[in-house]
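Protein chains: 2
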Amino acid sequence: MTPRKPSLKDELDPRSRILDHAESLFSTKGIDAVTLKDIALPLGMTHAALYYHFPGGKEELFVLVMERNIRRHGSGLDAALRSQPGSLRGRLRAAAAWLVNQPPMDLIRMAENDLKALDPASARKLSVLIYELILQRLTREFSEAIEAGTIGPCDPGLMAGGLFGMVESLHSVPVAMVRKTRIEMANELIDVILKGIDYREGGQ
Amino acid sequence: MTPRKPSLKDELDPRSRILDHAESLFSTKGIDAVTLKDIALPLGMTHAALYYHFPGGKEELFVLVMERNIRRHGSGLDAALRSQPGSLRGRLRAAAAWLVNQPPMDLIRMAENDLKALDPASARKLSVLIYELILQRLTREFSEAIEAGTIGPCDPGLMAGGLFGMVESLHSVPVAMVRKTRIEMANELIDVILKGIDYREGGQ
DNA sequence: GTCTATATAAAGATAGAC
DNA sequence: GTCTATCTTTATATAGAC
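Note that the protein sequences, when read in sequence, are chains A and B. Quick note, the working numbering runs 265 ahead of the 1-based positions in the first sequence. Quick note, the working numbering runs 265 ahead of the 1-based positions in the second sequence.
Do not rely on the hints blindly, as some may be mistaken.
One copy or two, it doesn't matter: identical chains are merged, so the pair holds either way.
Pairs of lysine to aspartate or glutamate, EDC-like flavour, derived with a Cα cap of 20 Å [as the list claims (entries may be wrong)]:
(1) Lys302 - Asp285
(2) Lys381 - Glu288
(3) Lys381 - Asp297
(4) Lys323 - Asp297
If you're looking for bench data, these hints aren't it; they were derived computationally from the structure. Being a predicted model, the structure only gives us computed values, none of them experimental.
Generate coordinates for the entire structure from the input sequences, incorporating the hints supplied.
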């Protein structure tokens, strides 16, 4: 019998467990605010064990983890957008719901700090991934809507970036302080933007 | 003769020079990514000298500096809004121009990392300042516009927060990558939002 | 695959000279 | 007001035992 592939909630292999936990830490706090002990100890191992799986140490782990994080964001975003073929509003709402339920993706922190701490090749790789898997994917929705005539003329890349920044910034509002969920807030903001670019259901 | 107050580009007193430089570092990179040497050495002093001016060390310096930073953001924002009594669009554009020309204010990083590293009283103080001097000030513009009938019904706090997050996120787009300035981008986004909440110049 | 032990470097912080 | 020197702690990283 093969060494039983881990079922649903079973223990994953150590490498995956490390990546999972490191992702939740690195992606929300950035490279400088997380230590190798922060990653290792909650997993029941010492920080030295991390070097067996990731000989490149902290930087290798960070790059791997953030690449994973961006790809996961990207595929979740893509899946959300595809899940609502009906209307642009539905697609954007699904996308926002996905983003809002993920750990925040803090592009300011990435640009101002994390990427500057990496070797330039890795930094550029991560930048390109963010651009291609996240921003470009969102941009496409606006571009296609313009072509289809469901929204008026606008800068699709700017709308995508603005919407993304807006939605991500909701992560910083303490939900206890407002009487709305983040998803409700995101939906209201989306409605304002869509109205602002002359969205009309069903095109032309 | 009094010890000559520093004229325009003259050297400021050490304490102010430290606060100025620390502000530019702490506000863009956060508490963990800045060391006391990063602050002291470019000012031509050693990190030990900082303890003469700020006996509380790094945390005291960070709190003082960020309080200053938030107040500066707040008064610049207020001045910008007051400078354009004519129209809501003009006021929001002036506000955005101010924000975009300041170092980024990364609320996600603050909430997820910096504030958690401070003693709770200081953390709450900074949170309250952000809320009262930045978000509430912007919110007022929307509230008053609703009352005046220049925009339609909407959640003014949400609009303020959304606009702020949107504008701040422009700091993370590499200007070399687009053919627009950050101010132009901010203005386009403002126009979309205003249209989305039924802005009509001159009210009612 | 993970540990203990250790090396090395860097950080925050304090004491005391100047 | 600022320095040098030192202390303490913490971080990354490596070596070698198990």
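How the hints compare with the structure:
Taking identical chains as interchangeable, the C-alpha atoms of Lys302 and Asp285 lie at most 20 Å apart only when both belong to the same chain, with a minimum of 15 Å there against 34 Å between chains. For the homomeric pair Lys381 and Glu288, the shortest alpha-carbon distances inside one copy (19 Å) and between copies (19 Å) are both at most 20 Å. Taking the shortest Cα distances, Lys381 and Asp297 sit within 20 Å of each other both inside one copy (11 Å) and across copies (14 Å). Taking CA atoms no more than 20 Å apart as the test, Lys323 paired with Asp297 passes in both settings, with 10 Å inside one copy and 16 Å between copies.
In this structure, every one of the numbered hints holds.
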